[in-house]
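Peer 1: Take a look at the letters that make up each chain.
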Amino acid sequence: MTRYVMVIDQRRCIGCRSCTVACRTWNDLPLDIVYNPVLTEGVQGEWPNVRRNWLPTLCMHCEKPACVPCCPTGASRKDDDGTVWIKYDQCMACKACVNACPYGMRQQSHLRPRLHQYIQKCTFCRDKRQMDPSAQPYCVLTCHQKARVFGDLDDPNSEVSKLINGAETFRLMEDLGTGPQIYFIPDLGGTAQ
Amino acid sequence: MAEIDIHAPGVEMVKSLCYFCHANCGVLAYVKDGDVIKIEGDPDYSNQGGLCCRGTSALLHLNHPARVNHVLKRVGEKGEGKWEQIPYDQAIQEVADKLNQIKAESGAEAVASAGGTTRTDDWARRRFLNQFGTPNGFHNALLCWIPTFMAETCVSGWSPFETDLGAARCLILWGMNPGASTLPGMHGYTDLQMNGMKIIVVDPRYSETASKADLWLPLRPGSDAALALAMLHVILYEGLGNGEFIGQWCSGFEELMGHMVDYSPEWAAPITWLEPEQIRTAARMYATNTPGCIQWGCTWDQIGRASTTGSHAIALLRAVTGNLDVPGGDGMPGPAINFVTDEEMELNELLPEEQKAKQISRFKLTSWPGYSIISQTARRQWGKTLPTEWFCEAHGPSVFKAILTGDPYQVRALICNATNPVNSYGDAKMTLEALKKVEFLVTVEYWMTPTALFSDYVFPAAGALERPTIVTHYGATDSLMGGSRAIQPKYDRHTDMTFWRKLGLACGQDPANWPWETEEEAYYHIMEPLGLPISNYDEFVSNVRMYYPPLHQKKFEAHGGFWTPSGKVELNSTIMQELGFPGMPTYIGTIENPIDTPELLDEYPMVLTTGGGFMPYHHSEHFQMQAIRYLYPDPYFSIHPDAAEKYHISQGDWCWIETRRGRIKMRADVQQEVDPRVIFCPRGWWFPERDGSADLDNPFGCLESNVNTLTSVDAEHCDPMGGSWANRGLLCKVYRVHDADNEFTAKDAQFSMPGSSNVPGITVMPSDQPLAREPIPFEKPQPTREVPEGFEWCWQNDALYQKGTEFRLDESGWLIDPKDQSYVDAHTGWVYVAAEEVLLDKETGKKYTMERVEIPYLAGVRGYPGMEQAPFEVPEHLRWNVEAGYAMLPDRQLVYDPNSGWMLDPDTGAYHDAYYGYKYDAATNTLLDENTGKRFTMDYQPVVE
Numbered sequence: 125m126t127r128y129v130m131v132i133d134q135r136r137c138i139g140c141r142s143c144t145v146a147c148r149t150w151n152d153l154p155l156d157i158v159y160n161p162v163l164t165e166g167v168q169g170e171w172p173n174v175r176r177n178w179l180p181t182l183c184m185h186c187e188k189p190a191c192v193p194c195c196p197t198g199a200s201r202k203d204d205d206g207t208v209w210i211k212y213d214q215c216m217a218c219k220a221c222v223n224a225c226p227y228g229m230r231q232q233s234h235l236r237p238r239l240h241q242y243i244q245k246c247t248f249c250r251d252k253r254q255m256d257p258s259a260q261p262y263c264v265l266t267c268h269q270k271a272r273v274f275g276d277l278d279d280p281n282s283e284v285s286k287l288i289n290g291a292e293t294f295r296l297m298e299d300l301g302t303g304p305q306i307y308f309i310p311d312l313g314g315t316a317q
Numbered sequence: 003m004a005e006i007d008i009h010a011p012g013v014e015m016v017k018s019l020c021y022f023c024h025a026n027c028g029v030l031a032y033v034k035d036g037d038v039i040k041i042e043g044d045p046d047y048s049n050q051g052g053l054c055c056r057g058t059s060a061l062l063h064l065n066h067p068a069r070v071n072h073v074l075k076r077v078g079e080k081g082e083g084k085w086e087q088i089p090y091d092q093a094i095q096e097v098a099d100k101l102n103q104i105k106a107e108s109g110a111e112a113v114a115s116a117g118g119t120t121r122t123d124d125w126a127r128r129r130f131l132n133q134f135g136t137p138n139g140f141h142n143a144l145l146c147w148i149p150t151f152m153a154e155t156c157v158s159g160w161s162p163f164e165t166d167l168g169a170a171r172c173l174i175l176w177g178m179n180p181g182a183s184t185l186p187g188m189h190g191y192t193d194l195q196m197n198g199m200k201i202i203v204v205d206p207r208y209s210e211t212a213s214k215a216d217l218w219l220p221l222r223p224g225s226d227a228a229l230a231l232a233m234l235h236v237i238l239y240e241g242l243g244n245g246e247f248i249g250q251w252c253s254g255f256e257e258l259m260g261h262m263v264d265y266s267p268e269w270a271a272p273i274t275w276l277e278p279e280q281i282r283t284a285a286r287m288y289a290t291n292t293p294g295c296i297q298w299g300c301t302w303d304q305i306g307r308a309s310t311t312g313s314h315a316i317a318l319l320r321a322v323t324g325n326l327d328v329p330g331g332d333g334m335p336g337p338a339i340n341f342v343t344d345e346e347m348e349l350n351e352l353l354p355e356e357q358k359a360k361q362i363s364r365f366k367l368t369s370w371p372g373y374s375i376i377s378q379t380a381r382r383q384w385g386k387t388l389p390t391e392w393f394c395e396a397h398g399p400s401v402f403k404a405i406l407t408g409d410p411y412q413v414r415a416l417i418c419n420a421t422n423p424v425n426s427y428g429d430a431k432m433t434l435e436a437l438k439k440v441e442f443l444v445t446v447e448y449w450m451t452p453t454a455l456f457s458d459y460v461f462p463a464a465g466a467l468e469r470p471t472i473v474t475h476y477g478a479t480d481s482l483m484g485g486s487r488a489i490q491p492k493y494d495r496h497t498d499m500t501f502w503r504k505l506g507l508a509c510g511q512d513p514a515n516w517p518w519e520t521e522e523e524a525y526y527h528i529m530e531p532l533g534l535p536i537s538n539y540d541e542f543v544s545n546v547r548m549y550y551p552p553l554h555q556k557k558f559e560a561h562g563g564f565w566t567p568s569g570k571v572e573l574n575s576t577i578m579q580e581l582g583f584p585g586m587p588t589y590i591g592t593i594e595n596p597i598d599t600p601e602l603l604d605e606y607p608m609v610l611t612t613g614g615g616f617m618p619y620h621h622s623e624h625f626q627m628q629a630i631r632y633l634y635p636d637p638y639f640s641i642h643p644d645a646a647e648k649y650h651i652s653q654g655d656w657c658w659i660e661t662r663r664g665r666i667k668m669r670a671d672v673q674q675e676v677d678p679r680v681i682f683c684p685r686g687w688w689f690p691e692r693d694g695s696a697d698l699d700n701p702f703g704c705l706e707s708n709v710n711t712l713t714s715v716d717a718e719h720c721d722p723m724g725g726s727w728a729n730r731g732l733l734c735k736v737y738r739v740h741d742a743d744n745e746f747t748a749k750d751a752q753f754s755m756p757g758s759s760n761v762p763g764i765t766v767m768p769s770d771q772p773l774a775r776e777p778i779p780f781e782k783p784q785p786t787r788e789v790p791e792g793f794e795w796c797w798q799n800d801a802l803y804q805k806g807t808e809f810r811l812d813e814s815g816w817l818i819d820p821k822d823q824s825y826v827d828a829h830t831g832w833v834y835v836a837a838e839e840v841l842l843d844k845e846t847g848k849k850y851t852m853e854r855v856e857i858p859y860l861a862g863v864r865g866y867p868g869m870e871q872a873p874f875e876v877p878e879h880l881r882w883n884v885e886a887g888y889a890m891l892p893d894r895q896l897v898y899d900p901n902s903g904w905m906l907d908p909d910t911g912a913y914h915d916a917y918y919g920y921k922y923d924a925a926t927n928t929l930l931d932e933n934t935g936k937r938f939t940m941d942y943q944p945v946v947e
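Just so you know, the protein sequences line up as chains A and B, in that order. Mapping to this note's numbering: the first sequence position 79 is 203, numbers consecutive. Mapping to this note's numbering: the second sequence position 635 is 637, numbers consecutive.
These aren't lab readings, by the way, just hints derived from the structure by calculation. Glycine is no exception: its CB is placed at the ideal position from the N, C-alpha and C atoms. Don't take each hint at face value.
[Stated by the list, open to error] Each pair of labels, with its calculated beta carbon distance range:
{"no.": "1", "chain 1": "B", "residue 1": "N538", "chain 2": "A", "residue 2": "G166", "range": "28 to 38 Å"}
{"no.": "2", "chain 1": "A", "residue 1": "G303", "chain 2": "B", "residue 2": "L603", "range": "58 to 68 Å"}
{"no.": "3", "chain 1": "B", "residue 1": "P607", "chain 2": "A", "residue 2": "P172", "range": "34 to 44 Å"}
{"no.": "4", "chain 1": "A", "residue 1": "G166", "chain 2": "B", "residue 2": "A742", "range": "25 to 35 Å"}
{"no.": "5", "chain 1": "B", "residue 1": "Q784", "chain 2": "A", "residue 2": "P172", "range": "51 to 61 Å"}
[As the list claims (entries may be wrong)] The calculated lysine to aspartate or glutamate pairs, modelled on DMTMM-like cross-linking and capped at a C-alpha distance of 25 Å, are:
{"no.": "6", "chain 1": "B", "residue 1": "K648", "chain 2": "A", "residue 2": "E170"}
{"no.": "7", "chain 1": "A", "residue 1": "K270", "chain 2": "B", "residue 2": "D46"}
{"no.": "8", "chain 1": "B", "residue 1": "K80", "chain 2": "B", "residue 2": "E441"}
{"no.": "9", "chain 1": "B", "residue 1": "K17", "chain 2": "A", "residue 2": "E170"}
{"no.": "10", "chain 1": "B", "residue 1": "K667", "chain 2": "B", "residue 2": "E745"}
{"no.": "11", "chain 1": "B", "residue 1": "K438", "chain 2": "B", "residue 2": "E86"}
{"no.": "12", "chain 1": "B", "residue 1": "K200", "chain 2": "A", "residue 2": "E170"}
{"no.": "13", "chain 1": "B", "residue 1": "K34", "chain 2": "A", "residue 2": "D251"}
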């Protein structure tokens, strides 16, 4: 089986937001949609003993996505490899899934005509991977720092398997039970780690 | 929004390079039907497939509706924004005629040119300017690397800028934030840090890079020179230097010890706001974790008065720790010996001496006086030298002042290529006035910038995907990288080389000096001497892409010394002394600081630092592109929460930031990112979305949020050696924008000193102004021995150098060529070839005997005419022809080659056997008797047909 996950290494991320721009450019997104915002709380602590890190996000491609069963038309789906995506021509933009997603990763563009609306979200660049199965999502490719790593967690030799098994990781809002498939490696500061 | 299929028929992949910053990442461009349909990062290039916000936006940049696509000729008043589109070649001719007219009336020096960074082939511009006859080309070079480079070259003979991080144990990132400026570099640092390398970051702001550092020194902005001096003091007086290296390779150590005695960490602490113990820790970490690197950062060149002092001290830090050109240290590449350097493309020999003297710059280190000495030393030691672009330029702000004041003479025309000086040069108000006033302004641009708005002609420029790109690091290194042109320029866009070439030809310059029609031809000329198996530039890109000479560290051992006049690392620089500067770094403070100018603190209590690079912009670029502008839509300055509370400022408030020279508006980012006494402002802001012509006092809002409204270019505020102006460590105050006081008006921006916020304008002529430091008198020692004609004596190492070639006269009477240490005949310039015991004339390829008699060559076989006896063993049936100097058959004109044992036909070069003279037929491996037509095997048995 294939189980696609992404590992995001906060030790490496320097908050340049190239992934955000790359995703927008290559997926040709309208200006009011961002699939993968890079979040930060800013500088924490008391000067000069301060720290700062960045939290790059995207759709969590949950194991038990809340956004799929709630869809009245069946447009919102999940592939066997774990990719959660939307079949746009079946979507009527009722926003049931937008309400269901606990991560707020589903969006609707208000720059499109009212009758041509649909919900959009990150698909791990499904279109691209269908064309070339070995392809990586654009946000992974473009990252200079290699802070985003994409791969098959069921393959014990993949880089994501090694990273998840070799470092302490966390996932966002795990207690909701949706089984998010984005793993974060926290930044503990300098080479101390 | 369907995915673009890059494997579809008709799609071609071109290896291109990004041109939006100095990192020049590899880009794969997918081209179909002459248009780029998609780009991706090149996974096989140093960026490993990575592209930042700017790089990924290349396609938006290529097709952006706001791009200038045709030549615009001004038809209304200056700045009115009324244009007529005219054909490119017609515009070139009109500009050329005007330039020629100005040259005839006021001299070539009345034409100046401002350049931009990393978009251009600068050698082409200098090639034009040199032929035109003006010395007044300039860039923002003095804020970026050049003063540092020159100081380092004075100390050790070249800038040690190529860090060898793989073997380094410690890295200082000093005033550099690769996390926001050069992302491929940051990637390497992070990898190495995870493998144990220590990173020290020196930055007053908690930058992206500082947030990953092992040791971070948040010093007072502008106090870098004090920190460097104190670190040097610690290393010297705690005995942490590399004694072996100092003893063997350095000179002036005793003087340096004496000079540094007062610069203790306790002295530096109040200046830098650091604890003495922090300074000691950093110095010890660097000096004991050798080999280590200090990565150059722009800050060193932007402190104003103290710039070169700081970088000079840092150069000494490397020297006393022995980190120069060693594995794991800072490598000194030297000029490219193996291919044509930028300097060799510039035609500097065409600029007359009297024109050089007219260069508008009072800062000797970075203009012709300093460049001449440094360049002469480089020719003597390396055999080649630095380009004059960047390293020998006019002082930009002084040129703008000359436009306004006519002092030292009136500059009448300005050609701006890839630059928007209002936003990138200090004292934006003065720059703007100069651009308005200059008689004839020509701009080569992507966009309608404030500078372009006042132009008489705006030429459209071709962008990264529309041109091939070559990376030679300003001609200061021995490696090169290349990228191909993805598509031909769209619309009427042209590359800058084409612009200068067309303009040069239209001005009447010799077409023989402009032999290359395209960049590809010129670049191929540059790399032809490498002897790579390529027949054009695009083959280089697809097959080779990057050329690095065989890695050579510790070159100083092979060379027998460093590349300074004395051959040592000069801890007390003789070139600096010759130029009237202190030979060792002597502290000087920034123009405004709490220690030297406490009287300003009441009015301006905060320390201002400006000019850091920040994502997603580069310099003053990319503000037009909505798809990245949304990441950072408004200008934000950083302020500490305590200071914000004191001044009643909350997150996002629009505030005024004011110095003695004016005030600008920015929004507050209240964070623990800077010291409570510090304000950090980003650079370059302007608002291309506004109507430029609506407010000519502030076109496109180019002064309103532009930190250069706050900086100073006054001569006394500039670095007396390099000339860089004051961008960092200024004093300011900050207060909220109120409803009654929220409009930016002309009086909010003033000229920098002299003049004041009450009495604006230049009240003192630049030539009346003193420099920040009096020149130190220096008398060059007289020769201690007789100097033969045609030679010059070098006082530093007591050697003689031939004028013109700069070859060293050896005790043996031979000249030594520094490039390959070969011996050259002092009378003829012919090179001695030891293997053959002959002299070689490199220009004609002819060879001569040691008696300087030309040696005949027939079919590549050397003859010995007049020699009674053959110098080799002659086969018994051959006759020695004394007159011709060859062993020959009695009846045939074949010459015997002692190396191969064959006879050769001088006319055809065909091989014949040395017994009967039968011709060798390689196809059948037989011998052919040409008289009878019979064939023989190699052992003379007849071949039976």
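Peer 1: Take the hints in turn and mark each one as holding or not.
Peer 2: Comparing the hints with the structure gives:
1. At about 52 Å, the CB distance of N538 of chain B to G166 of chain A disagrees with the hint of 28 to 38 Å.
2. Restraint check, G303 of chain A to L603 of chain B: a C-beta distance of roughly 59 Å satisfies the suggested window 58 to 68 Å.
3. Distance hint check for P607 of chain B and P172 of chain A: the Cβ-Cβ separation is about 19 Å, which falls outside the suggested range of 34 to 44 Å.
4. With their beta carbons about 32 Å apart, G166 of chain A and A742 of chain B fall inside the hinted range of 25 to 35 Å.
5. Between Q784 of chain B and P172 of chain A the Cβ separation comes to about 56 Å, which falls inside the hinted range of 51 to 61 Å.
6. Between K648 of chain B and E170 of chain A the alpha-carbon distance is near 17 Å, which keeps this suggested pair within the 25 Å criterion.
7. At roughly 15 Å between alpha-carbon atoms, K270 of chain A and D46 of chain B fall within 25 Å of each other, so this suggested pair holds.
8. Annotation: proposed proximity of K80 of chain B to E441 of chain B holds, straight-line Cα distance about 10 Å (limit 25 Å).
9. Note on K17 of chain B and E170 of chain A: the hinted pairing is violated, with a Cα-Cα distance of about 47 Å set against a maximum of 25 Å.
10. A threshold of 25 Å between alpha carbons decides the hint, and for K667 of chain B with E745 of chain B the separation of about 9 Å falls inside it, so the pair holds.
11. For the suggested pair K438 of chain B and E86 of chain B, the alpha carbons sit about 20 Å apart, so the restraint of at most 25 Å is met.
12. With a C-alpha separation of about 24 Å, the suggested pair K200 of chain B and E170 of chain A falls inside the 25 Å cut-off, and the hint holds.
13. Our distance criterion of 25 Å between C-alpha atoms is met by K34 of chain B and D251 of chain A, whose separation comes to about 20 Å.
Checked against the numbered hints given earlier, the structure breaks hints 1, 3 and 9 and satisfies all the rest.
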